[in-house]
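Make the complex out of the two chains shown on their own, each in a separate frame, by following the hints.
Line order of the protein sequences matches chains Y and B.
In this text, residue positions in the first sequence follow our numbering: the first is 204, and each later residue adds one.
In this text, residue positions in the second sequence follow our numbering: the first is 15, and each later residue adds one.
No wet-lab data here; the hints were simulated from the structure.
It is possible that part of the hints are untrue.
What the hints assert, rightly or not - One-sided excerpt, in silico: chain B residues whose CB lies under 7 Å from chain Y:
1. Ala36
2. Ile82
3. Val87
4. Leu112
5. Arg116
6. Gly126
7. Arg142
8. Tyr145
Said to hold, decoys possible - List time: in silico DSS-like cross-link candidates among lysine-lysine, alpha-carbon distance up to 27 Å:
9. Lys23/B - Lys336/Y
10. Lys324/Y - Lys42/B
11. Lys324/Y - Lys70/B
12. Lys23/B - Lys324/Y
13. Lys88/B - Lys324/Y
14. Lys336/Y - Lys308/Y
Predicted model only: the values in this text are computed from it and were never measured.
C-beta atoms are modelled at their ideal positions from N, C-alpha and C, and glycine is treated no differently.
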Amino acid sequence: MQFAQISDLVETEPIHDRDVDRSALAGKWINSNPDTTSIARVNVFEADGKLQLQVFAVGPDGVVDWGTTSANVFTAGPASRTGAGFTATFDFGFAEARLQAMIMKGLLVLAQFHLFKDDSKRAGYFLREYYAKTHDLF
Amino acid sequence: MTHVDFRQKSHLHPDLTQPGAATTNADKLLGRWFNTNHETRGIAECTIYRDGDAFKVSIMGVGEDGPINWPTVKAIPLANLEEEAGQRTMALLATFELGFMRVETHMRINKGVFVIVLFATFLDGSGRANYLNREFFYRQS
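Excised from the complex, chain B in its bound form (with noise of 0.2 Å):
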């Protein structure tokens, strides 16, 4: 019998080893998604793609005279285990390294919302105090 390590049963849960876990319904989270708030001083729009086997992640942000492109980025595709199985959409993690700041992030579908939650550490020792901020996006049609 193999022996698999783990800390926590969800580490065994059968769903893990089958193909395409991590991809699970991928068309729902790919494609060009606006900022549900209209004012937003944040993210304004975010677009997910396949490269490949890759997923690439592509955000603008507002700036004070036109959107600010942050680089492309490649995500680490996730497993969702968190919904009920059928339901579930996979999850992406992913990293932008701008150099004055570093922004942890992942994205995930929820009832069709697209959600971006980042952890953003700056870098450039300006004194601003690292932060957190969750932002929500519909698909354009």
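The following block holds chain Y by itself, in its conformation from the complex (with noise of 0.2 Å):
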């Protein structure tokens, strides 16, 4: 078995994508923030198989809707079954926004990565922001 880190020699049962429990990822994630420039909220759940993202993020004249895309999950190792994170990316033509995301003391902490492709002549920049899951239960 190859490595690069000895935490990474590992014997383990085969785990694939299905084995993995996402519910700790899924959910209704919003800023604590409230005067964020970035993204307000993010909608994480399963489609088809697939842990998806919808992020709405804020604009200077109100929420803009990123729309949905494809996640892939991560665990907290290499014989771990239990989600706990995700990279994700956003091709918006003119930039591409890269995610990654960690649950860290019940918050998820959503680092940006925005790639401009344009002429804007915009340096690439990173974010990093803190996001609640909100409930319903106090």
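Okay, structure coming up:
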């Protein structure tokens, strides 16, 4: 078995995508920062056996629906069956937004990488924000 | 008036068109970084250096019988809008293609600590689960 760090050297029964519990990831996540200039809400759900994201961002004149894209699910370790985060990409044509998310202490920590492809001479940039899962328990 | 595409307010942040926006405080990121966890089973150290205009990243993983050198890669420099202006240090996005595994990372400085967040995808059919990890590093003085 090949490895690049010793933590990758694990013996496990084959873990398929369908074996990974994604329940902690699914839900409606809202930005903890009411003054965000970025992603306001993320809806995470399953469809056709894939994790899907629908993203709503804050624009100058209101909410901008980015639409829906598929996400890749990641666990907390190579022998784990519990979903701990995901990655996804939105391609807007003029720019690409790459997302890397992980759950920490019940929050979704979402790192965003925006890479511009147009001639606007804007620098690619990084943002990281925190999202709480909405619920009606209290 | 020039039209500028956007999908969120921060796409229009005026600092993004400032010269050198993606390389702010690069010197805070450059150097040799060691894992704060001496018992890590993951990344032992990371070196970031400039090669002309490019930023290169070299990682050393912990192996069974000694360190494992990952192939050096060119990173994408990114402006950091997360911190208040004046405290901002650029971030890096780097992908390591290791054949049996792809590792997508982002790297940044948080209060003087160098943070690597990695998302590993196995490509070898070994049945291992794709996973994420986060490790912290201090700079060699």
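Status of the hints after comparison with the structure:
{"no.": "1", "hint": "Ala36", "verdict": "holds, 4 Å"}
{"no.": "2", "hint": "Ile82", "verdict": "holds, 6 Å"}
{"no.": "3", "hint": "Val87", "verdict": "violated, 13 Å"}
{"no.": "4", "hint": "Leu112", "verdict": "holds, 5 Å"}
{"no.": "5", "hint": "Arg116", "verdict": "violated, 11 Å"}
{"no.": "6", "hint": "Gly126", "verdict": "violated, 17 Å"}
{"no.": "7", "hint": "Arg142", "verdict": "holds, 4 Å"}
{"no.": "8", "hint": "Tyr145", "verdict": "holds, 5 Å"}
{"no.": "9", "hint": "Lys23/B - Lys336/Y", "verdict": "holds, 23 Å"}
{"no.": "10", "hint": "Lys324/Y - Lys42/B", "verdict": "holds, 24 Å"}
{"no.": "11", "hint": "Lys324/Y - Lys70/B", "verdict": "holds, 23 Å"}
{"no.": "12", "hint": "Lys23/B - Lys324/Y", "verdict": "holds, 17 Å"}
{"no.": "13", "hint": "Lys88/B - Lys324/Y", "verdict": "holds, 21 Å"}
{"no.": "14", "hint": "Lys336/Y - Lys308/Y", "verdict": "holds, 11 Å"}
Of the numbered hints given earlier, the model fails hints 3, 5, 6; all others are met.
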